[in-house]
Amino acid sequence: MKNPEESLQKYLEQLEQGASAADSLASLAPEEAALLQLATNLRQLPMPTPSEGYAAQQRARLLGHAAKTLPINGRFARWLPFNKWKHWGLFPALAAIVLLAVLIYLIFVFMARGGFGDWGLGTAVSPQPILTATPTITPTLTITPTIPFTTMATIAATPTVTTTPTLTPTLTITPTITLTPPLPTLPSSLAKVTICHKPNSKNPRMITVDQSAVPAHLGHGDTVGACP
Amino acid sequence: MALSDAQLVNRAKKGNTDAVGDLFDRHHRSIFRFVWSQVQDEQLAEDLTSEVFIRMVNHLPAYRLTEVPFRAWLYRIARNLIVDQHRLENGRLPTPLDNAKHIAQPGQDPAAIAENQLTLDQIGRALAQLEPSQRDVIALRFLADMSLREVAETLEKSIAAIKSIQHRALATLRARLKQDKVNA
Numbered sequence: 001m002k003n004p005e006e007s008l009q010k011y012l013e014q015l016e017q018g019a020s021a022a023d024s025l026a027s028l029a030p031e032e033a034a035l036l037q038l039a040t041n042l043r044q045l046p047m048p049t050p051s052e053g054y055a056a057q058q059r060a061r062l063l064g065h066a067a068k069t070l071p072i073n074g075r076f077a078r079w080l081p082f083n084k085w086k087h088w089g090l091f092p093a094l095a096a097i098v099l100l101a102v103l104i105y106l107i108f109v110f111m112a113r114g115g116f117g118d119w120g121l122g123t124a125v126s127p128q129p130i131l132t133a134t135p136t137i138t139p140t141l142t143i144t145p146t147i148p149f150t151t152m153a154t155i156a157a158t159p160t161v162t163t164t165p166t167l168t169p170t171l172t173i174t175p176t177i178t179l180t181p182p183l184p185t186l187p188s189s190l191a192k193v194t195i196c197h198k199p200n201s202k203n204p205r206m207i208t209v210d211q212s213a214v215p216a217h218l219g220h221g222d223t224v225g226a227c228p
Numbered sequence: 001m002a003l004s005d006a007q008l009v010n011r012a013k014k015g016n017t018d019a020v021g022d023l024f025d026r027h028h029r030s031i032f033r034f035v036w037s038q039v040q041d042e043q044l045a046e047d048l049t050s051e052v053f054i055r056m057v058n059h060l061p062a063y064r065l066t067e068v069p070f071r072a073w074l075y076r077i078a079r080n081l082i083v084d085q086h087r088l089e090n091g092r093l094p095t096p097l098d099n100a101k102h103i104a105q106p107g108q109d110p111a112a113i114a115e116n117q118l119t120l121d122q123i124g125r126a127l128a129q130l131e132p133s134q135r136d137v138i139a140l141r142f143l144a145d146m147s148l149r150e151v152a153e154t155l156e157k158s159i160a161a162i163k164s165i166q167h168r169a170l171a172t173l174r175a176r177l178k179q180d181k182v183n184a
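Same order as they appear, the protein sequences are chains Y and X.
Residues 1 to 228 in this note's numbering are what the first sequence spells out, letter by letter.
Residues 1 to 184 in this note's numbering are what the second sequence spells out, letter by letter.
Think of the hints as simulated: they come from the structure by calculation, not from any bench.
A quick note: this is a predicted structure, and the numbers were derived from the prediction, not measured.
Any given hint could turn out to be false.
Claimed, not checked - In silico lysine-lysine, DSS-like type, Cα no more than 27 Å apart, as pairs:
# : chain 1 : residue 1 : chain 2 : residue 2
1 : Y       : LYS10     : X       : LYS157
2 : X       : LYS14     : Y       : LYS68
3 : Y       : LYS68     : X       : LYS13
4 : X       : LYS178    : Y       : LYS10
Stated by the list, open to error - Residues of chain Y placed beyond 12 Å of chain X at every Cβ, according to the derived structure:
#  : residue
5  : ALA26
6  : LEU45
7  : PRO46
8  : GLN57
9  : ALA93
10 : THR194
11 : PRO228
Glycine included, C-beta positions come from ideal geometry on N, C-alpha and C.
Starting from the given sequences, assemble the full structure and let the hints guide the process.
Okay, structure coming up:
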């Protein structure tokens, strides 16, 4: 015997496809035919409909709600950020994340610079001394008189140094400055030679002559150096 | 050429409110009939039908056509709403119509109604005595004109299960109607 559920469904489908109800009912057992007749009657039953004006009123209400709820309509709508009202809820979350990141960064920087060290909440870092030299050291070398030899000079300076906090630094200027000036030409004043001039072997007197004239003076009996 | 439900849904999901209006025009009467069959109160059925479409718009962005056909999805919304309504009424089953009335559509032969002896009043009373799953199947299958597959998708049951429920529901409904006539 065929399954009555399958049989009923088969005849229902035949009716749905336009078959004659009378033919279907005639080929069924009385009990099944009664169920098929009931199903047919249910489908033909005049059902209540929404009241007049309901559709127009609710349609307008629905469209208003849809305009507020659904995404912005338009060709480029997909490119518009946060075009759905509910996505605005993301803004506070994003803002909170950004603020938290900034806060963590500031705390990190604050702690790295000593932070709450004074209250024992962190490790204090030794402050870097700030050196201020007064005046600005510009060593100069002055040699008087100019001397015809290589000058070796070691410059040591004791500048005034202000530090924060107060420190007592030792300032050493390195390297030793070595200056090699060009050999100077001896001035004429330094080329003079003192001789004891004896013009006639009488009345010798001390004179100063140019070095180039010394040989001539020595030739007529003068002597180098002061007269005895 | 009329657009399919799927095409209208895709447009509505992109924010086309006209598509939402078309979906309402296409389905609100059958949804109303289904809701009425469950609550047997026309005013309440209107309110719940409106709420069904409001919920449809609310959930449309998350709805995926590939998961369940639109019509089945819409009826699921309606069914869930009716379940919520019954919970609000402390689980009380819908009451039969208080004011029995024979409704004849314009052009319909009153003699045919009399012959079938089937009225909304009788149907309301008989449906109220069915189990919820049987009432769902009767309402969806014969009042909302759904196919067996659509009913199965809406109620999230197998087709075989729906066939079985359909048969038992019709048999129970017939027995209730006979009993109602005897009592009358």
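Do the hints match the structure? See the list:
1. LYS10(Y) / LYS157(X): Satisfied, since the Cα-Cα distance of roughly 19 Å is no more than 27 Å.
2. LYS14(X) / LYS68(Y): holds, 13 Å
3. LYS68(Y) / LYS13(X): holds, 13 Å
4. LYS178(X) / LYS10(Y): holds, 25 Å
5. ALA26: holds, 18 Å
6. LEU45: It is violated; LEU45(Y) is separated from chain X by about 6 Å at its closest Cβ, not greater than 12 Å.
7. PRO46: violated, 5 Å
8. GLN57: Label violated. Min Cβ-Cβ 9 Å, cutoff 12 Å.
9. ALA93: holds, 19 Å
10. THR194: holds, 118 Å
11. PRO228: Non-interface label on PRO228(Y) holds, nearest chain X Cβ at 130 Å vs cutoff 12 Å.
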